[in-house]
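Protein chains: 2
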Amino acid sequence: MKEASEDLETRFHKLMEKLKEHQFRFTPQRIAVLRALVFSDIHPSVEDVFHQVREQFPTTSIATVYKTVALLKDLGEILELGFPDMSNRYDARKPYPHPHVICLRCRKIIDPELERVPELEREIRHKTGFLILSHRVDFFGICPECQQSESL
Amino acid sequence: MKEASEDLETRFHKLMEKLKEHQFRFTPQRIAVLRALVFSDIHPSVEDVFHQVREQFPTTSIATVYKTVALLKDLGEILELGFPDMSNRYDARKPYPHPHVICLRCRKIIDPELERVPELEREIRHKTGFLILSHRVDFFGICPECQQSESL
DNA sequence: TCTCAACAGAAAATCATTATCATGTAGAAT
DNA sequence: ATTCTACATGATAATGATTTTCTGTTGAGA
Ligand SMILES: [Mn+2]
Ligand SMILES: [Mn+2]
Ligand SMILES: [Zn+2]
Ligand SMILES: [Zn+2]
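For the protein sequence lines, the chains are A and B, in the order given.
Take the first sequence: its position 115, counted from the start at 1, is 253 in this note's numbering, and no numbers get skipped.
Take the second sequence: its position 20, counted from the start at 1, is 158 in this note's numbering, and no numbers get skipped.
What the hints contain is simulated information worked out from the structure, not anything from laboratory work.
This one's a predicted model, so the numbers in the text were calculated from it and none came from an experiment.
Built from N, CA and C at the ideal position, the CB exists for glycine as well.
Certain hints may be false.
Claimed, not checked - Calculated pairs, SDA-like style, for lysine to any residue (alpha carbon to alpha carbon, straight line, at most 25 Å):
(1) B:265 / A:259
(2) A:156 / A:167
(3) B:205 / B:194
(4) B:265 / A:179
(5) A:156 / A:207
(6) B:246 / A:263
(7) B:265 / A:233
(8) B:265 / A:251
Unchecked claim - To give a feel for the contact side, a few chain B residues facing chain A, derived at Cβ under 10 Å:
(9) 248
(10) 250
(11) 263
Given only the sequences and the hints, what does the whole structure look like? Please build it.
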């Protein structure tokens, strides 16, 4: 896992490139939002990013964070995970659909390695005739850490 | 598929039973909401149910529909499908987690027959150590009907 | 340095959902 | 059938995450 943080730098620069391509400006706040999004490993909420950015730029408005996230959504460079009972969470590292595992206790969200989703998609296509464009595969439960602390 | 509508009657009466067990009252509005929920085949929104119920009881408030849906949620007799960009949809026929296929054009939601989800869950358990309690498996795309009308 | 469209920040608007509360009524007791 | 009352309805207000609006500011090209 030595290369993980290098990958994050790469990803960050990919996003900067994308902004340049589309002639969006590089403001300090925008760059800080990108950094916070890419370098967070918790699938952060807008609020999470907001707090992170505020440490460096205390006058930042939460609207600015929302706007940058919307921008990335338009560019297809961020995956939005909406929930009925909590605020949206974001994955700017992997903007394409992929499965998630969510701890109901500590709200941690992780990316599991799963090979079976494409098969599932093929099965759906075959059985329903739908043209499938994206998906959302989430499992909810209790993470190993929370299972420990629960059994006290 | 002859028995499908009979199953719906059965399901409806199951819900009525459940209300009786828990000593909730049988009001005309509440019964109409149950009917609308069970007999709709589109995974209706609260608004959908509201309009349906209004045809029979024009003074019904949308708050009443929300409250009955909340009641069924508490009883574990309805499945809530939340979306970030549209209002919640409900399945009162199958209150347990199951996969869905959603048309992005006409917003139709169907229940596909899939066998692979339990395997997926086992894979998750094994790879992450999570205790899995529920899931959400949605595929988004274009239904066969909308594919037809799109290619004009 | 100058210019100006794009941006940041503050505040208001939106919208689905939930909460509040006065009035009405289901259903049990009389 | 009548009465009683706890629960339900319906109208309205509150909520909270997100979006929009507006005004002053600024990134970046000329
Ligand atoms: Mn992810
Ligand atoms: Mn369903
Ligand atoms: Zn946990
Ligand atoms: Zn369709």
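Handout entry: Numbered hints the structure breaks, given as an ascending list
Key = Checked against the structure, no hint fails, so every one of them is satisfied.
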